[in-house]
Amino acid sequence: GEDVEQSLFLSVREGDSSVINCTYTDSSSTYLYWYKQEPGAGLQLLTYIFSNMDMKQDQRLTVLLNKKDKHLSLRIADTQTGDSAIYFCAESRGSQGNLIFGKGTKLSVKP
Amino acid sequence: DAGVIQSPRHEVTEMGQEVTLRCKPISGHDYLFWYRQTMMRGLELLIYFNNNVPIDDSGMPEDRFSAKMPNASFSTLKIQPSEPRDSAVYFCASSPLGTRDEQYFGPGTRLTVT
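Line by line, the protein sequences give chains A and B. For what it's worth, this note's numbering labels the leading residue of the first sequence as -12, then goes sequentially. For what it's worth, this note's numbering labels the leading residue of the second sequence as 1218, then goes sequentially.
It is possible that some hints are incorrect.
What the hints assert, rightly or not - Calculated pairs, SDA-like style, for lysine to any residue (alpha carbon to alpha carbon, straight line, at most 20 Å): (1) A:K90 x B:M1256; (2) A:K90 x B:S1304; (3) A:K43 x B:T1316; (4) A:K23 x B:P1324; (5) A:K54 x B:M1256; (6) A:K43 x B:E1319; (7) A:K90 x B:T1255; (8) A:K93 x B:V1306; (9) A:K55 x A:D41; (10) A:K23 x B:R1327; (11) A:K90 x B:Q1254; (12) A:K90 x B:L1262; (13) A:K90 x A:R62; (14) A:K54 x A:S14; (15) A:K23 x B:V1306; (16) A:K93 x B:Q1254; (17) A:K57 x B:K1295; (18) A:K90 x B:I1222; (19) A:K93 x B:M1256; (20) A:K23 x B:M1256; (21) A:K90 x B:R1258; (22) A:K90 x B:M1257; (23) A:K23 x B:E1300; (24) B:K1241 x A:K55; (25) A:K90 x B:P1324; (26) A:K23 x B:M1277; (27) A:K90 x B:A1305; (28) A:K90 x B:K1241; (29) A:K23 x B:E1319; (30) A:K93 x B:T1255; (31) A:K93 x B:A1305.
What the hints assert, rightly or not - So the derived list for chain A, only partly shown, Cβ under 7 Å to chain B, looks like this: (32) Y18; (33) M40; (34) S79; (35) L86.
Said to hold, decoys possible - One side only, chain B facing chain A, incomplete, derived with CB under 10 Å: (36) Y1252; (37) M1256; (38) Y1321; (39) R1327; (40) V1330.
Everything labelled a hint here was simulated from the structure, so no lab data went into it. All C-beta atoms in this analysis are idealised placements derived from N, C-alpha and C, irrespective of residue type, glycine included.
Using the sequences provided together with the hints, build the complete structure.
And the structure:
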């Protein structure tokens, strides 16, 4: 299909790791992005990975990319209540293509 | 920097009325994007500009929607006439030259058409 797919909901306990998964569609996508949306706010760029990388780590965030399966994941270590938000995966299709967003995964963190 | 500024934050209007949404991008950014977010369809790109010129408006749903960018610091999205199915949150985003996909979003305008 043409959609970027994500599961809609994820619930974890505070202190646990969260893993948010995404499948994308265009094998030629150069960059893949994770955006975060807190309630009542716009999207905020969290991190991105270049398509020739397998992994990128940024403090508590780890992005894994499996190009063969077109699978992207975001791992949040030591998840905090402040991490509760909707997380969007996005792919950039081609040099002049637009960002295509998934529908977002709502992460709920329970104390 | 104040970030991307959108106004109004909330708009309630009756079907058939004209609605104008406003956006001030981050100073120095070359790209400006208008998105619409609904529960059913998620986040959809409506149109984007580069250096005030519309580049891709293929996401604009129909002729009732129009967008302008008269200068580098201001853009409008107009819906005339509005319909209940236009109810959504409309986001404006901007990005600097060379990093088009690293977009900075405004807080959005929640539009309700009754």
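The hints, checked one at a time:
For a cut-off of 20 Å, the pair hint linking K90 of chain A to M1256 of chain B stands: about 8 Å separates their Cα positions. The straight-line distance between the Cα atoms of K90 of chain A and S1304 of chain B is roughly 18 Å, inside the 20 Å bound, and the hint therefore holds. Proximity of K43 of chain A to T1316 of chain B is assessed by CA-CA distance (about 18 Å); at most 20 Å being required, the pair is judged to hold. For the suggested pair K23 of chain A and P1324 of chain B, the alpha carbons sit about 13 Å apart, so the restraint of at most 20 Å is met.
For the suggested pair K54 of chain A and M1256 of chain B, the alpha carbons sit about 29 Å apart, so the restraint of at most 20 Å is broken. As the CA atoms of K43 of chain A and E1319 of chain B are separated by approximately 17 Å, the hinted pair is consistent with the 20 Å bound. Between K90 of chain A and T1255 of chain B the alpha-carbon distance is near 10 Å, which keeps this suggested pair within the 20 Å criterion. Restraint check: the Cα-Cα separation between K93 of chain A and V1306 of chain B comes to about 17 Å, which is no more than 20 Å; the hinted pair holds.
Between the alpha carbons of K55 of chain A and D41 of chain A the distance comes to roughly 11 Å, so the proposed pair stays at or under 20 Å and holds. This hinted pair checks out: K23 of chain A and R1327 of chain B have alpha carbons roughly 18 Å apart, not beyond 20 Å. At most 20 Å may separate the alpha-carbon atoms for a hinted pair to count; K90 of chain A and Q1254 of chain B meet this at roughly 9 Å. Distance restraint check for K90 of chain A and L1262 of chain B: the Cα-Cα separation of roughly 13 Å lies within the 20 Å cut-off, and the hinted pair is therefore satisfied.
Restraint check for K90 of chain A and R62 of chain A: satisfied, since their Cα atoms lie roughly 18 Å apart, inside the 20 Å limit. Distance check on the hinted pair: K54 of chain A and S14 of chain A sit about 7 Å apart at the alpha-carbon level, within 20 Å; holds. Taking the CA atoms of K23 of chain A and V1306 of chain B, the gap is about 16 Å. The hint holds against a cut of 20 Å. Proximity of K93 of chain A to Q1254 of chain B is assessed by CA-CA distance (about 15 Å); at most 20 Å being required, the pair is judged to hold.
As the CA atoms of K57 of chain A and K1295 of chain B are separated by approximately 37 Å, the hinted pair breaks the 20 Å bound. Between K90 of chain A and I1222 of chain B, the direct Cα distance comes to roughly 24 Å. Violation of the 20 Å bound is thereby established for this hinted pair. For the given pair, K93 of chain A sits about 12 Å from M1256 of chain B by alpha-carbon distance, which is consistent with the 20 Å threshold. Restraint check for K23 of chain A and M1256 of chain B: the C-alpha separation of about 16 Å stays at or below 20 Å, so the hint holds.
At most 20 Å may separate the alpha-carbon atoms for a hinted pair to count; K90 of chain A and R1258 of chain B meet this at roughly 8 Å. As the CA atoms of K90 of chain A and M1257 of chain B are separated by approximately 9 Å, the hinted pair is consistent with the 20 Å bound. Only pairs whose Cα atoms come within 20 Å are accepted, and K23 of chain A paired with E1300 of chain B is rejected, the gap being roughly 30 Å. For the hint pairing K1241 of chain B with K55 of chain A, the CA-to-CA distance comes to about 41 Å; that exceeds 20 Å, so the pair is violated.
The straight-line distance between the Cα atoms of K90 of chain A and P1324 of chain B is roughly 18 Å, inside the 20 Å bound, and the hint therefore holds. Between K23 of chain A and M1277 of chain B the CA atoms are separated by roughly 25 Å; this puts the pair beyond 20 Å, and the hint is violated. Distance check on the hinted pair: K90 of chain A and A1305 of chain B sit about 15 Å apart at the alpha-carbon level, within 20 Å; holds. For the hint pairing K90 of chain A with K1241 of chain B, the CA-to-CA distance comes to about 26 Å; that exceeds 20 Å, so the pair is violated.
Among the hinted pairs, K23 of chain A with E1319 of chain B is consistent with the structure: their alpha-carbon atoms are about 13 Å apart, no more than 20 Å. About 14 Å separates the Cα atoms of K93 of chain A and T1255 of chain B, which keeps this hinted pair within 20 Å; it holds. With a C-alpha separation of about 18 Å, the suggested pair K93 of chain A and A1305 of chain B falls inside the 20 Å cut-off, and the hint holds. At a threshold of 7 Å, the smallest CB-CB gap from Y18 of chain A to chain B is about 6 Å, leaving the interface hint in force.
Against a cut-off of 7 Å between C-beta atoms, the interface hint on M40 of chain A is violated, since the closest Cβ of chain B lies about 16 Å away. At about 5 Å, the closest approach between the beta carbon of S79 of chain A and any beta carbon in chain B falls short of 7 Å, and the interface hint on this residue holds. Interface hint status for L86 of chain A: upheld, as the beta-carbon distance to the closest one in chain B is roughly 5 Å, under 7 Å. Taken as an interface hint, Y1252 of chain B checks out: its beta carbon lies about 8 Å from the nearest beta carbon of chain A, inside 10 Å.
Evaluation of the M1256 of chain B hint against chain A yields a held restraint, the C-beta minimum of about 9 Å falling below 10 Å. Hint status for Y1321 of chain B relative to chain A: holds, with the closest Cβ pair at about 7 Å, below 10 Å. For R1327 of chain B, the shortest C-beta to C-beta distance to chain A is roughly 9 Å, which falls under 10 Å, so the interface hint holds. Hint status for V1330 of chain B relative to chain A: violated, with the closest Cβ pair at about 20 Å, above 10 Å.
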